[in-house]
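Protein chains in written order, with my numbering: chain R, 1 to 530; chain W, 1 to 312; chain H, 1 to 325; chain A, 1 to 280.
Where hints are given, some of them may not hold.
Each computed DSS-like pair below joins lysine-lysine, with the alpha-carbon atoms no more than 27 Å apart [as the list claims (entries may be wrong)]: (1) Lys56/W to Lys149/R; (2) Lys103/W to Lys126/R; (3) Lys82/R to Lys300/R; (4) Lys103/W to Lys207/R.
Hint data in this document are derived by calculation from the structure and do not stem from the laboratory.
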Amino acid sequence: MRKLMWLAVSAAAMLAAAAASAQTTPRKGGTIRMTAPYAASFGSLDPHATPRAQDDIVNKAMHRTLYNWDTAQNKLVLELAKSVSVSGDGLVYTYKLRDDAYFHNGRKMTADDLIWSYTRIMDGSKGFPGARYIRLIKGAIDVEKGQAKEISGLRKIDDNTLEITITDRVEPGYYLFSGTTAILPKEEASKPDFASHPVGLGPFKFKEHIPGSRVVMERFDKFYKPGKPYADTLQVLIMAEAAARDVAFRNKEIDTSILGPAQYVAYRADPQLSKGILEVAEMFTRSLQFNPAFKPFADKRVRQAVNYAIDSDLIIKRLVKDKAYRAVSWLPPSSAAFDKTMKPYAHDPEKAKKLLAEAGYPNGFEFELTTSQNESWGLPIVEAIMPMLAKVGIKVKPKLVEATVLTEILMKGEHQSLISSSLTGPDSLATLRAFYSKTPRTAGNYTSFNNPQFDKLLDDAAQEGNADKRNDLLKKANNLLYDEAPVWFFNYNKAVLAHQPWIHGLQANPTEITHQYPEDIWVDDKSPAK
Amino acid sequence: MLLVLGRRLANVIPTLLAVVALVFLLFSVLPGSFISGMNEDGRGAIDPAVMERMRKEMGLDDPLPERFAKYVISIAQGDLGRSFRTREPVTRLIGVRVWPSLKLVFAAMSFAILVGVTLGFVAALRPGSLVDTISMVFAISGLSLSQFWFGLMLMYLFALQLQWLPSFGYGDGGIRHLILPAIALGVGPMALLARTTRAAVLDVLNADFVRTARSKGMSERRVVSWHVLRNALVLVVTIVGLQFGSLMGAAVVVEKLFAWPGVGSLLVDSVFQRDMPAVQGCILMIVLFFLAINTLVDIAYVAIDPRIRYRR
Amino acid sequence: MTAPLLRIEDLRIALRTESATYNAVENVSFEIGRGEAFGLVGESGCGKSITALSVMGLLRRPLALAGGKIVLDGEEIQDASPAEWRRLRGKRVAMIFQEPMTALNPLSPVGRQIAEMFVLHQGAGWSEAMDRAEDALRQVQVPSPERRIKDFPHQLSGGMRQRVMIAIALACGPELLIADEPTTALDVTVQAEIIDLMRELCAAKGTAILMISHDLGLVANMCRRVAVMYAGRIVEQQDADAIFASPRHPYTRGLINSLPRLGARARQGRQRLQEISGVVPSIAGYPAGCRFNPRCVAVTDICREVSPEATPLPADGLVRCHHHG
Amino acid sequence: MRMPRLRLKGGTSLWIGGTLVAVAIAVAVAAPLIARTDPVMDANLMNAEIPPGLEFPFGTDAQGRDIYSRIVYGARISLTVGIVSQILNSLIGVTLGLTAGYWGGWWDDVVTGLTNLMLAIPSLIFALAIMAILGPGLSSLLAALGLTAWSYSCRIARAQVLSLKSQGYIQAARILGYGDLRIMFTQVLPNILGPLIVIATLGMGGAILSEAALSFLGLGIRPPFPSWGSMLSEARDQITTAPWLSVFPGLAIFFTVLGLNLLGDGLRDILDPQSTTRRT
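Whole structure, please, built from the sequences with the hints as guidance.
Below, the structure is given as structure tokens:
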């Protein structure tokens, strides 16, 4: 019966897919106009120099990494290699590299380019953010400290074969798919003005950058995927102001736009605009992080009480306009270690009061809540929970800071509580390390979480070679977090990308919806752009 | 004229130095740093060791006096340092922003002068008339508008509803993209200029020499063109200069709203990302522009008003 | 007697405010013959300047002509159109103002300001007009006029500026020159020079003068006939000699007594100059009856109730006082 | 010529401006009496974004709070920002200007230099820096707007002292044995009170607009207490979907600033008649 249903569903899906493809075959040519919504400028077009999501929008088009996230299959795939073999101890990976990948300057990519790029990232004098990923490779730290010139864990076997030795039994793809580990051509990237004239392996090559306004790229004809990219030109337009972006999108000046809650409602209600909405459960967990150094929050019952006292569903429905999924625990549902049987905390003020009384706060208490102005995980949420917590006697004193300052506050640990958004994927083990007692506060254990049982589960998971067994361990750890409630589990972000009817092939990337592989995108002839 | 320039320069340099010092001190006590800011969206999670090294590389841990001394010395050599964010020299970073900024500021000021001075004149020539009342209601309303709100309204009306103009961005640098931000930025100075011009023209119209001109048997038109215009100009030029000079700094909001790639939007972005060299460079640029415009205004005075040459 | 050059008849000038209308000047009548110098005297605020402005058609809101006639050379001009006024001003009636600094455009060379007259009224081109401006400057005895025409007003002394004003006023040979306190702002030594210059030039060109001043001595010195104004009315009008010899109005007597006289100090010792106590009432606060009554030394009950009619005096003179005897 | 005082244009703007400002002040003072609900705690997400109607005259916001009540309370914050920041500016400006003009010498040079500095750095950017340092909040806002716009009153105060000095007033007062402070406060201050009040009135409008601009840039008032600028700024994304969110705070700002500007104009006609062209 179940199987039958599955068949029906998949058949329907296939039919739909067939219908979609029958309707239109990708058109060659045209201009794609994407938006970069996160800041008023790009940081750097040197992908090694920047970890920002904003910059990766462009870098995904011009550069490539060893691995990629396949949105359709929702998993890591090899990008610059055709195959990989792993040694028995799980530490030595041998990659058969693509022999058809060319840089925009016409030179073919070889194993040397990977070695050079990874070595560059580890240059200790530069402090490239990608170093945290490459450090996985054996000997990388020595280069970083200046004790070695070459990374010992990288070995070129021939031009198309590379052996990488890593230090931990983890999936290296989680590390080497990050945009800051892109493969660059040495002869270009060592030029001082590389960031103004970036050259990479991606489907589009650099044409123009008007800082603060846009980056324009052109089709790279020698891209390794045959027939791709489709479009002649790719523009990435900077548009940080949501209200202005809304106008521009309705005015058909841009092809894609990221939507906030308010616009999500409006676009869904609009008969035309509603046809062009792409949604995805992003791997971000929004939470209110309790600092146990503040006495009441050292008590698990108090933390649970907060979870019970807040009507999270109501906030998500009315304030966030359903542009989020209720958080159950720390890991998002798209994670393999997510336990689908778990239920989120119920809205139960009575229980909250009871827990508070048990913990010795029958009349509640007052705490300071540090927040940014972010519309999805900042001030508006705080304003909404204030009256809810007031009903169980907890008084909230909001403290508004800039987003830039949040991390610093978390690191110093001088806050009482703080509301923020955390990347919780795709590597579940790395994600859960944020609650590992040996992880220093500065490295992400912002709740000073210390639970031996949890530590044990994580240690075991790290040693476990079998993926399913490891996921089971992580699942247990995640469920433990639920009960310990080091945070108020608020929601997982639902990222929403509005797109014009003439643009096709957009991907619902759960790691970041604005990160599109533009070689798959094409525009039909209804696009007003030339 | 050289004298004016010389005296100006003598004033400019201490002001610039003071600006450098003030900005440096202000921003050195800013909470948060570029490095912790890299993690703001929860994606970056930079390794503490890397952060440490970056702090060192950027010289964030050096004692303040040392950093300041280094900064002043490098500025004296024309080097504004390197941006934390893009790792580019700040001079280049700002260099590409200057032209769009200037375009916006000049367009806004042209709009302000054209509309403001005309309105002021028309109003002053018929004081108390309907034209006067309407112009001045218009002007005082222009002064009471919140800039970003007005910009949004322009966007909605001219881009979305009427579809006359693009709503945002720099486009190919053409005039179509320039119009809306220029109006949004220019409406404040426009209103101010309308009021100043009206007052100035009224002032001049009541002056004794205008009565003399009338007693000569001149037509009103000649009275205005021969005697009023130039005298009113002297008063208007002051306000034009002050407004003009501060416009590049005032463009922050408009540039952010319209995604205009000017110095102002770079400044805001840099402040929020704690890219201190870029912040300092932007403010220096804005101040320099202010001082340059004021010098120009001083020179313009000399050209317009013969009294200046001999006074002071 | 031939027809006078200028005849003012029952002139009334109104001050209109939102709430009320006041008569700033009323019942003013006088005549000026061709080439004659006529004086109008009074303290500041008595309405003499606006009387002069009305002759130029230069009253500005809130002031306006409310009645009476202004007859220039037999022609009523009080209702002239703006274009007609423009043809009169400067060409037939010219005016010199009190403050030569502010009366000249500070941003325009003085030569040009004179030359404008020739361009406006005689259709001259600018270069010709500038040449003639230089001549005009020479006529008003400005040294090295060829250089001075390029000067700006602030580069000239007060006396020089007033000479420029005279040059402008007399440029087109007007029939009447109105001089509104032309020397008040000047040094005493310069005053005499300017007065002499005006007198000479006007005599040479046959220009009549309407001399307005608070200084009765100055006016009497220059003019054949003198009218004394107080609070918007002419209170006494006589020949200059007669007014000094036998002032009929207490106000005139007060004005005369307040003048310093040569030798008077020697005779009277250290006695102070006599002053008229009090101040000119404001337009809104004109008293009932004789307007001078609050300040008058000879005031009686009737003065406070009945406004005195004009009593004719010999030689076209008049006095407006209940006790003029 | 002495004329009765004319009632011309200045009267109308004074009257309209005064009324608008008086209404704003009255609303601020009487906020607890005329507000219908608490502006912060009376949130009910079930009532979110209800358009204006009988139940909620100005509608409700995204949190389900009564916009009318928030605007009423917002008047308190916006006016506080305006008034306090201008008092600060005037105090700083007058103190520096008086002392600089009075004592002269190096102190005068320092103050003049400072004034030039303040003029050269646009005040919005200065305010932005201060807000970034102190963090968002009311007191930061007061500091940011109250410490950055004093150059105007400083100049006026200084000029007045210098002019009185040249007229010999100060010399005379000194000979009479008056102390420096006494001279400053009894001889100089009354002379500049008029222009100062005008500047402060116009500056209040500017401060309210600056508050909105700073909110737009993300550095406004501490939540959740409502200021008009932050309400307007928050509502900007919903301008098509829920226009009432921005219309009412927008109107509140517009009319209050308009009122202050008109009042300033009218006051200028009375208090500062010489300067028709002087304007910040």
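Comparing the hints with the structure gives:
The straight-line distance between the Cα atoms of Lys56/W and Lys149/R is roughly 21 Å, inside the 27 Å bound, and the hint therefore holds. The hinted pair formed by Lys103/W and Lys126/R fails the criterion: a straight-line CA distance of about 36 Å is larger than 27 Å. As the CA atoms of Lys82/R and Lys300/R are separated by approximately 49 Å, the hinted pair breaks the 27 Å bound. A hinted pair counts as satisfied when its Cα atoms are at most 27 Å apart, and Lys103/W with Lys207/R qualifies at roughly 23 Å.
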